[in-house]
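Student: With chain Z fixed as given, assemble chain X onto it according to the hints.
Going down the list, the sequences are from chains Z and X.
For the first sequence, position 241 matches number 288 in my numbering, and the numbering has no gaps at all.
For the second sequence, position 218 matches number 265 in my numbering, and the numbering has no gaps at all.
Hints in this document: simulated from the structure, not taken from any laboratory.
Computed from a predicted model, the values in this text were never measured in an experiment.
Mixed in with the good hints, there may be bad ones.
The list cannot tell twin chains apart, which means a pair is met if one copy fits it or any two copies do.
Unchecked claim - Derived DSSO-like pairs: lysine-lysine, alpha-carbon spacing no greater than 27 Å straight-line:
{"#": "1", "residue 1": "K101", "residue 2": "K90"}
{"#": "2", "residue 1": "K130", "residue 2": "K235"}
{"#": "3", "residue 1": "K53", "residue 2": "K257"}
What follows is each chain in one-letter form.
Protein chains: 2
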Amino acid sequence: MPELRKDIITGNWVIVATERAKRPENFSSKKEESGVQARPSYKPDCPFCPGHEKETPPEVFSYRTPGTPPDTEGWRVRVVPNKFPALSLEGDLQECRHGLCVAMPAVGVHQVIIETPRHDASPAELAPGEFAEVLKTYRERYRTLAEADPRLEYVLVFRNHGRPAGASLEHPHSQVSAMPFIPPVVEKELAGAHSYRTGTGRCVYCDIIKEEVENGERVVAVENGFVVLEPYASRVPFETWVLPEVHSSRFASQGDMELEQLALVMVRLLDALSRSLGDPAYNYVVHTAPCRGNSADDYYHWHIEILPKLSIQAGFEIGTGMYINVARPEDTARFLRDALKSG
Amino acid sequence: MPELRKDIITGNWVIVATERAKRPENFSSKKEESGVQARPSYKPDCPFCPGHEKETPPEVFSYRTPGTPPDTEGWRVRVVPNKFPALSLEGDLQECRHGLCVAMPAVGVHQVIIETPRHDASPAELAPGEFAEVLKTYRERYRTLAEADPRLEYVLVFRNHGRPAGASLEHPHSQVSAMPFIPPVVEKELAGAHSYRTGTGRCVYCDIIKEEVENGERVVAVENGFVVLEPYASRVPFETWVLPEVHSSRFASQGDMELEQLALVMVRLLDALSRSLGDPAYNYVVHTAPCRGNSADDYYHWHIEILPKLSIQAGFEIGTGMYINVARPEDTARFLRDALKSG
Numbered sequence: 048m049p050e051l052r053k054d055i056i057t058g059n060w061v062i063v064a065t066e067r068a069k070r071p072e073n074f075s076s077k078k079e080e081s082g083v084q085a086r087p088s089y090k091p092d093c094p095f096c097p098g099h100e101k102e103t104p105p106e107v108f109s110y111r112t113p114g115t116p117p118d119t120e121g122w123r124v125r126v127v128p129n130k131f132p133a134l135s136l137e138g139d140l141q142e143c144r145h146g147l148c149v150a151m152p153a154v155g156v157h158q159v160i161i162e163t164p165r166h167d168a169s170p171a172e173l174a175p176g177e178f179a180e181v182l183k184t185y186r187e188r189y190r191t192l193a194e195a196d197p198r199l200e201y202v203l204v205f206r207n208h209g210r211p212a213g214a215s216l217e218h219p220h221s222q223v224s225a226m227p228f229i230p231p232v233v234e235k236e237l238a239g240a241h242s243y244r245t246g247t248g249r250c251v252y253c254d255i256i257k258e259e260v261e262n263g264e265r266v267v268a269v270e271n272g273f274v275v276l277e278p279y280a281s282r283v284p285f286e287t288w289v290l291p292e293v294h295s296s297r298f299a300s301q302g303d304m305e306l307e308q309l310a311l312v313m314v315r316l317l318d319a320l321s322r323s324l325g326d327p328a329y330n331y332v333v334h335t336a337p338c339r340g341n342s343a344d345d346y347y348h349w350h351i352e353i354l355p356k357l358s359i360q361a362g363f364e365i366g367t368g369m370y371i372n373v374a375r376p377e378d379t380a381r382f383l384r385d386a387l388k389s390g
Numbered sequence: 048m049p050e051l052r053k054d055i056i057t058g059n060w061v062i063v064a065t066e067r068a069k070r071p072e073n074f075s076s077k078k079e080e081s082g083v084q085a086r087p088s089y090k091p092d093c094p095f096c097p098g099h100e101k102e103t104p105p106e107v108f109s110y111r112t113p114g115t116p117p118d119t120e121g122w123r124v125r126v127v128p129n130k131f132p133a134l135s136l137e138g139d140l141q142e143c144r145h146g147l148c149v150a151m152p153a154v155g156v157h158q159v160i161i162e163t164p165r166h167d168a169s170p171a172e173l174a175p176g177e178f179a180e181v182l183k184t185y186r187e188r189y190r191t192l193a194e195a196d197p198r199l200e201y202v203l204v205f206r207n208h209g210r211p212a213g214a215s216l217e218h219p220h221s222q223v224s225a226m227p228f229i230p231p232v233v234e235k236e237l238a239g240a241h242s243y244r245t246g247t248g249r250c251v252y253c254d255i256i257k258e259e260v261e262n263g264e265r266v267v268a269v270e271n272g273f274v275v276l277e278p279y280a281s282r283v284p285f286e287t288w289v290l291p292e293v294h295s296s297r298f299a300s301q302g303d304m305e306l307e308q309l310a311l312v313m314v315r316l317l318d319a320l321s322r323s324l325g326d327p328a329y330n331y332v333v334h335t336a337p338c339r340g341n342s343a344d345d346y347y348h349w350h351i352e353i354l355p356k357l358s359i360q361a362g363f364e365i366g367t368g369m370y371i372n373v374a375r376p377e378d379t380a381r382f383l384r385d386a387l388k389s390g
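Only chain Z is shown next, with the shape it has when bound in the complex (with noise of 0.2 Å):
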């Protein structure tokens, strides 16, 4: 059962998931080539193709042709628990402690969403049709485990797309975590946000959006309803928000349209970043409200993060827990518009 540890220091949690643990031995550096590498449509030993699906956990959600069974081949998405999961629904939320080791099971869900049956179809190349529908289950995720269990305050979506990024698996794929906490980053957006609010009664991201749409050097498009920026403290080169226009605090409460209209700004987006950059390894985050309570209504809006994987966090960054960002993002912003507009 994966369980949190607690640094005694400085309070941090870490989750070790021993369910997915290699043996030491086995961590010697493989040379691995990094990138994204060509792939076939369908792959004889991949889990995730269609015809493997009892090589998975049992399916706890799908789009699929009506009259085929779960678990059977005729889907479009798929859920289906991780085989390893980081997080577990079993255990009891309790603190226990010997002497300075401070533990908790790591209570939660660990599910993957399948986002599509061809194995070399990434994010850029889906349809906007397939996207909305990868993104109607994102939604759905939402929904259903928000009333999963009482415990859990936060559910996170979340895509690695490349090995760089972490895709340990290359069938194009993203996940969703839920835990019974609110996980630090978005702690302190939520923090920041109603800081803000308090000060001024405003929205700091509408302000943001309205900010950066008057000034311009730093927006990439705003479409659809959607506005896409490179925010002004990037961390790493190409980081990428794509926010609501209009204020909305939770992924889970758009509607079809909005999803629909958000499908297209997205592939667009990433078709960009991979012809422009070479298809670079990249994870994306959606930042939205907890799952309980309302409070957060007002002064958080939901949003996608996209960190490119075209830098590395070194000695500096681990020391300090600050970036170093080498492109400025007015930059990357400008180059980004012009491969959209080539597109």
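Tutor: Chain X in isolation, oriented as in the chain Z frame:
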């Protein structure tokens, strides 16, 4: 001039260092090989190799053969300013605000410590006497930079080994940064250690050492006055800390003897890591008390944290700010104890 930019939501600062900026189009994914490659002992196009002293900014410190002038051959360890510094002493510590955009010059120092004239000598391959001179250079930098500018609050020494760990030049080198603030990672450690001291009257690191040595399962070695252990809440596989057994808050206050002993420990440990895991990339960071004042002397305990780059921080880590570690530190400690024995 490098610039600090503030994330108006989280309050996090990012350094935008345009001096080392690539043009956006140059980020296009090169499918580079990862891992540490075979290297010659001298490389004609390496600015850190002997005979190329004029290709770096003038040296600010060196250990060299008596009688040899600065910026010529004859050095054993050489410190030069970083050619593309992320921090620079120009500019005033003054926030500049335009709407929601808050910036400040990235005031500080960024230097390179060239550890050996031999292009192909990794830290694990240095003689203990050579490594001791590198450590003495760290100490000299701590002392000199603390005096260099009254605005500097913290000096950070770190090492990136191997390209996946961010070493862009392969010639063995450490880096030193001095900055006018205490970085967030250190701030958090200091706060935790201070709170522990307030509650117990003791140093949390001393207590960890005591408890870990009694328990034994996460201890890799206790030798030459140092304890080598895998911390209970290890963030990454094979995270390893090296701490002086006797309480001391500052690396800079270590005597020659202690640094010579530490060199023996570090060379043995890095050699064991390298032999048993196929020369993995890693970062190590020296954690020490801030330059100014001595309030932390009671409760802070300097140490070195080594983080091998055997796993990837992906969407979960980026979205939550938490780590998933797929190896138990109890297992990696046992593995490293065995590797040390077979050395």
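Student: All the hints need checking, so say for each whether the structure fits it.
Tutor: Here is what the structure says about each hint:
| no. | hint | verdict |
| --- | --- | --- |
| 1 | K101 to K90 | within (15 Å within a copy, 54 Å between copies) |
| 2 | K130 to K235 | neither (31 Å within a copy, 35 Å between copies) |
| 3 | K53 to K257 | between (40 Å within a copy, 18 Å between copies) |
In summary, the one numbered hint that this structure violates is 2.
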